[in-house]
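Visitor: Let's have the full structure, built from the sequences with the hints guiding it.
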Amino acid sequence: MVVEKSKAMPMPIKKTNVQTMKKAQRKKKMAPYLFVLPNLLIFLIFIIIPALMGLVYSFTSYNGVSDMKFTGLENYIRLFNNAEFWKIMLNTLIYAALVVPLVFAISLGIAMLMIKEMKARGLFRAIIFWPTMISFIIVGLSWKWIFGDSFGVITYLLEAGGLPPIKWLSDPVIAKITIVIATVWARVGFFMVIFIAGLQSIPASYYEAAQIDGASRSQLFWKITLPLLKPTSLLVFMLLIVESVKAYPLIFSLTGGGPAKETTLIVQYIFEFGFTKSEVGYASAMSVVLFLLIGAFTLIQFKWAEGGKID
Amino acid sequence: MNKRNWSSAAKVIIIAIVLSLAGCGQSGDGKVKLDFMWFSDGGEGEVMKEIIEKYEKQNPDVDINLVEIAFKDVKTKLKTMIAGGKPPALVRINDTYEFADYAIDLTDYVGDQEKFISQFEDSIKPFYVIDGKIIAAPMDITANGMYYNKDLFKKAGVKVPQTPEEIWTWDEFTAALKKVKEKGDARYPMVWDSSGHRWSTMMYEYGGSLFNEDLTKAAVNGPASVKALTDFKKMHKEGLIPDSVWLGGENPNNLFRSGTVAVHLAGNWMMGSYKDITHFSWGVTYLPKDETRSSVPGGKYVMGLKNTGVEKETAKFIQYLSTKEVNAEYIEKSLFLSARKDNKDLNYPLDDHMFDVFTDEFKHTTPQAAKDWSYQQVMNKNAGDLTTGIAKALKGESTPQEALDEVAEIFDGTIEQNNKQP
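Sequences listed follow chains A and B, in order.
Add 74 to a position in the first sequence, counting from 1, and you land on the number used in the working numbering.
Add 24 to a position in the second sequence, counting from 1, and you land on the number used in the working numbering.
Treat the hints as calculated values from the structure; they're not laboratory data.
Be aware that one or more of the hints could be misleading.
[Unchecked claim] Straight line, CA to CA, 20 Å or less: simulated SDA-like cross-link-like pairs of lysine to any residue: (1) Lys143(A) / Thr438(B); (2) Lys99(B) / Ser140(A); (3) Lys351(A) / Asp125(B); (4) Lys330(B) / Glu122(B); (5) Lys96(B) / Glu346(A); (6) Lys330(B) / Asn137(A); (7) Lys110(B) / Gln137(B); (8) Lys202(B) / His260(B); (9) Lys340(B) / Ala352(B); (10) Lys96(B) / Tyr121(B); (11) Lys351(A) / Phe95(B); (12) Lys143(A) / Lys368(B); (13) Lys351(A) / Ile434(B); (14) Lys330(B) / Ile75(B); (15) Lys299(B) / Thr316(B); (16) Lys103(B) / Glu148(A); (17) Lys340(B) / Ile75(B); (18) Lys444(B) / Lys102(A); (19) Lys143(A) / Lys336(B); (20) Lys299(B) / Glu70(B); (21) Lys96(B) / Val139(A); (22) Lys110(B) / Asp141(A); (23) Lys336(B) / Phe140(B); (24) Lys368(B) / Ile141(B).
Guide: Structure follows, in structure tokens:
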């Protein structure tokens, strides 16, 4: 080591010194890009390029194997005239309109309970977080065992108690509620964790000061917790909307999209066209519409919340 | 990351590359490697493995690799592999049409085309002879039929038809179901696979069809089909069939297995799965009739794919699988029905009578049923729409007439689209 040092120490020529400095600067400039590179490559190869290809496909008639044929806007015209597509879109929006506020409110409520000092807090947190670690397909299948119309656990219990069974999965309206229940159960834990992190970053002194001034509990929530939680809320909102508009595996394994397409959401519909009916071009047009929809939602929210700035 | 981590990471990458290269083409020991994409309904995968082992012993230069995947993934996976330029050598498949362009024409290998085709059941010919090419070889045929719980019928004192002469009419059948419900403690008298294909059994018996005779227009909204759907709905309303299968997505196989369901309308492929039921005895009986008797035929095929570099070996193996002896072994052990005309008297390890019933159903199938369901250009795409249409009628969203009108419109739309882009 000592030898190396003595070798490096004398740097008599000025020119070399400048060069090394430039090199070092260049290196410093390069470094961040190098760190981003792996993720950028993955993002490019698996997200951006396929997305662009999807955009190209959406203007063609393509079955996934044979040659593509350019058809212009035909897929989009067909799509806008397809009443079923809009019905499925409505299904998706109803689902999102139920899931987003429910998961938001419940996970925030639980998070507020879970930051309080209490016995076995870790255990409760773990139990509520648990469903997040189970794959959506397993969640769907588990709920199918519980809600099953003929041999479900609830049906068994109701009948044992002399009550009439409920058509959890085969009645159109109840089935729509069933998938919401299953989703809420599966997702609350994840957002609870995000809210806990957000709540813990609010300084306790604010609450203390407000309490001394005689603020009520609801005032504490509306005047301190909620405004200071805005960045977290925005994140949760955006994640929830994107997630619920894209929901597929859980519902597919729970209801299969039935009864008669009542719980079929947009992604399942796209999958059906793209892979079962081999209309890749048409399915791509649908996903472009879905992309625009999610993009618009996110943009509106972002603008509305001013990027999550705290007032 | 220090040097050691880098070098171990490099090692992992090199190993991954080597492994992925080893996956294709000829294997290192000079053997010709054939990937065989396979799905199983029951235990037929194991049977095929035994057959492959025997074949490999006789042909030491060939190495066949059975790649088992789920039935529902077959088409997607195959499409991806073809699009990626690396198709498997062979695939077991039932929707042949879509891949006809990518299949080896076996005519070049089997010698006399007519002679080869004449060995198999005539009604399935449209599935494997497309544009004058033999694009696949039939392995087994399927027929829809009825399984029944012997114990429940016995308890209710209802006799089940044992010979073709005793076959129920639909009215007699529903009366029998009602009796089993009342006296036999059947929780549900009947379950019916949630599939347009299985429902169409009733439609053909009522004299309906999906398309007109020359397959140029949908006929599924004709009066006979509508009547069949109306009666089907009535069976649900009367509590003979639970809503949970067609509307709630419940698995009818599990319901029948529970021993509380008297009848299951499914296909012969369920025998392999039901053979291990021990807590009640079950059997197979003839489907009821209306205007006529009918079942719905189907089948599974083995297709060889082009552009693999091993076409010759592939074709040779397919021919081996199609021979009378090998086919008989496969069919007997898998509890299937053979596609070969000369393999009808086999020694199954289960009650032979059940196979006779299914064979009889297959024989008494209206030719239109084979024609309709082998019209793959439409049915590959729209079979699911038929199932959805029926569910819509059951749910009450539309009347049977409206539901089937809508299905007919979808069928016609696909026909028109196909005519535009041949």
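Visitor: Holds or violated: are the alpha carbons of Lys99(B) and Ser140(A) at most 20 Å from each other?
Guide: 14 Å, holds
Visitor: Check the hint pairing Lys351(A) with Asp125(B) against an upper bound of 20 Å on the C-alpha distance.
Guide: The given pair, whose Cα atoms are some 17 Å apart, holds under the 20 Å limit.
Visitor: Hinted pair, alpha-carbon criterion (20 Å max): Lys103(B), Glu148(A). Please report holds or violated.
Guide: 24 Å, violated
Visitor: Straight-line Cα separation of Lys299(B) and Thr316(B) no greater than 20 Å?
Guide: 30 Å, violated
Visitor: Do the alpha carbons of Lys330(B) and Asn137(A) lie within 20 Å of each other, as the hint requires?
Guide: 19 Å, holds
Visitor: Does Lys368(B) pair with Ile141(B) here, judged by a C-alpha cut-off of 20 Å?
Guide: 17 Å, holds
Visitor: Hey, Lys96(B) versus Tyr121(B), does the alpha-carbon distance stay inside 20 Å?
Guide: 16 Å, holds
Visitor: Are Lys143(A) and Thr438(B) close enough, with their CA atoms no more than 20 Å apart?
Guide: At roughly 17 Å apart (the allowed maximum being 20 Å), Thr438(B) and Lys143(A) satisfy the hint.
Visitor: Are the Cα positions of Lys351(A) and Ile434(B) separated by 20 Å at most?
Guide: The hint holds at about 12 Å.
Visitor: Between Lys143(A) and Lys368(B), is the straight-line Cα distance small enough, at 20 Å or below?
Guide: 47 Å, violated
Visitor: Given the hint that Lys96(B) pairs with Glu346(A), does the C-alpha gap stay at or below 20 Å?
Guide: This hinted pair holds, its Cα atoms lying about 12 Å apart.
Visitor: Given the hinted pair Lys299(B) and Glu70(B), is their alpha-carbon gap at most 20 Å?
Guide: OK: Lys299(B) and Glu70(B) at ~16 Å, within 20 Å.
When the structure is compared with the earlier hints, violations turn up for hints 7, 12, 14, 15, 16, 18, 19 and for no others.
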